[in-house]
Structures are given as C-alpha cells and as structure tokens.
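Those protein sequences? They're chains A and C, same order as listed. Our numbering runs 13 ahead of the 1-based position in the first sequence. Our numbering runs 46 ahead of the 1-based position in the second sequence.
Quick caveat, the hints were computed from the structure, so don't treat them as lab data. The beta carbon of each residue, even a glycine, is placed where N, CA and C say it ideally should be. A couple of the hints might just be wrong.
Claimed, not checked - Computed footprint of chain C on chain A, listed as stretches where at least three residues anywhere in the stretch have a Cβ under 8 angstroms from a Cβ of chain C:
| no. | segment |
| --- | --- |
| 1 | 53-60 |
| 2 | 74-81 |
To be verified - List time: in silico SDA-like cross-link candidates among lysine to any residue, alpha-carbon distance up to 20 angstroms:
| no. | chain 1 | residue 1 | chain 2 | residue 2 |
| --- | --- | --- | --- | --- |
| 3 | A | 107 | C | 115 |
| 4 | C | 76 | C | 120 |
| 5 | A | 45 | C | 95 |
| 6 | A | 125 | C | 126 |
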Amino acid sequence: MQTLTFPTTFDILDDIRTFVGDQARKAGFNAKDIYSIQLATDEAASNVIEHAYERKLDGRFDVSCEFRMESFIVILLDHGKAFDPSQVEEPNLKADLSDRKIGGLGIYLMRKLMDEVRYESTQAGNLLTMVKRKG
Amino acid sequence: MEINTKEFKHCDMVSIEGRVDSSTAPQLSKALDAVTEKGVYKIVVDMSQLEYMSSAGFRTLLATQRACRRYNRGEVVLASVPVRIREALELAGFTELFRISGDPLEAVGSL
Chain A
14 MQTLTFPTTF DILDDIRTFV GDQARKAGFN AKDIYSIQLA TDEAASNVIE
64 HAYERKLDGR FDVSCEFRME SFIVILLDHG KAFDPSQVEE PNLKADLSDR
114 KIGGLGIYLM RKLMDEVRYE STQAGNLLTM VKRKG
Chain C
47 MEINTKEFKH CDMVSIEGRV DSSTAPQLSK ALDAVTEKGV YKIVVDMSQL
97 EYMSSAGFRT LLATQRACRR YNRGEVVLAS VPVRIREALE LAGFTELFRI
147 SGDPLEAVGS L
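In isolation and in its complexed conformation, chain A is listed as follows (with noise of 0.2 angstroms):
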C-alpha cells in the first residue's frame, strides 16, 4: 500500500489526483476509471478538509491506495472532526432549478462513482475507504 500525508489546504489536491491517478494506471484501469477515482478522491479530500477540519491549516491527512484482487481502494486517514457522509442527505436531482440544493453534491458522486464506500470512526481516526472494481 502507497501512502501520502498531506495538510488541509486545497492547492493540494492537484498533487492527490495525481497520486490516485497514477497508481490507478499504473494498475491498468481505464481513462474513464482513472477520472472516477481521481473525482471520488478530490470530493473526499475537499470533504476533510472542509468539514472534518473546518478549514484550519494545520492538520494533516493520509490518502493510501491499493491495488488487491482486482479492486483499488483509496483509503482516507483524517484526525478532525468525525464526518459521516452517509448522514448527509441526498440532493434531488430531479429539483427545478431554483430548488436545487448547494450541498451533498460531492458524497453523492462519490457513490455513483465507487463501488463502494464506507466510513468508519476508530481510535486511530475517521477512515473512509472506497473501492473501485476493475471492468
């Protein structure tokens, strides 16, 4: 498993698209895949660092990937506030315009784009793991 630590700034997550883009090629998924990952894993990222963290500089987080039995999983490691996207509501995506809420936008591409994912809070701190099966 390959991890990088990283702080909560957003000019970061330029280099954390790289990271999961270049081990998601280098185990042979396909552009459109290599996109998911790198989507699903900037919408996670930017999550941590804007709510689990609040926007505070200082902290720190882990992004890990794996290639396993045909599955890459990126694990995210953060230390903040516990965040669970699975108690975010839904947008509507079949509100008008004027209706469409702002937020939940990203935990529900991260859904549709994964296979999985699943958020945990341990002792160690809040881990969300996602998995991208390959074909």
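Chain A is fixed; fit chain C onto it per the hints.
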C-alpha cells in the same frame, strides 16, 4: 487554471483552461460574478480547454445559472464540454439545468 472573458454583442464568453476544484473554483466564481455584475446574463462557458471539474465547479455554475435565469433575463450555455466532464455533469443531474452546445461560437449565435 486560467480564465478569459470575451465580450460579444449579445453575450459574454468565459473560457476556462485547466482544472477547476475547491482550490480554483473561487476564481471561476469571481470571473462569472464579474460578468453578471455588469448586467450581462447571457453567458457561454467555453470548456474546450477544461481538463477537470469537481463539484466545487458545478456549484459555481449552478449559482450563476440561477442568477442568469432570474426574471428570464438570460442563461448560461455550456459549450464544447469534454467527455469526462460531461459524464460527471450527467451523474450530478446537471445536464438538465444547462443547454449544452457542441461549439462555443454556435452557442454565442444562439443567445
């Protein structure tokens, strides 16, 4: 990310180059606000040079579309949307909220 705004007779064209995420979306938001603050509500967003857009960018587009459609005074049209970005917009249910054009200049002519 780089943003260029070009004025046409009936609308403005905002061209985005590079990547829009939580870090760069505020810059896009500023550029689009600058257009609506002049009283221009017909906007073509040229995405031909756009490489990536996260939900932070989608939210910015949604806020601008709301401002433009108010009182039926205009709209935001998305032009030359790259395939990966179009797929993500579709997943987010955004393709129903915007007219999507294959060509930026054709979009300018349609406004």
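Each hint tested on the structure:
Residue count for the segment 53-60 of chain A with a Cβ under 8 angstroms from a Cβ of chain C: 3. That meets the three needed, and the coverage hint holds. Given as covered by chain C, the segment 74-81 of chain A fails the check, having 0 residues with a CB less than 8 angstroms from a CB of that chain where 3 are the minimum. Taken as a hint, the residue 107 (chain A) and residue 115 (chain C) pair is honoured in the structure, with Cα atoms around 18 angstroms apart against an allowance of 20 angstroms. Of the pairs offered as hints, the one joining residue 76 (chain C) and residue 120 (chain C) holds, with about 19 angstroms between alpha carbons and a cut-off of 20 angstroms not exceeded.
For the hint linking residue 45 (chain A) to residue 95 (chain C), the alpha-carbon distance of about 18 angstroms falls within 20 angstroms, and the restraint holds. Simply put, residue 125 (chain A) and residue 126 (chain C) have alpha-carbon atoms about 24 angstroms apart, too far for the 20 angstroms limit, and the pair is violated.
Of the numbered hints given earlier, the model fails hints 2, 6; all others are met.
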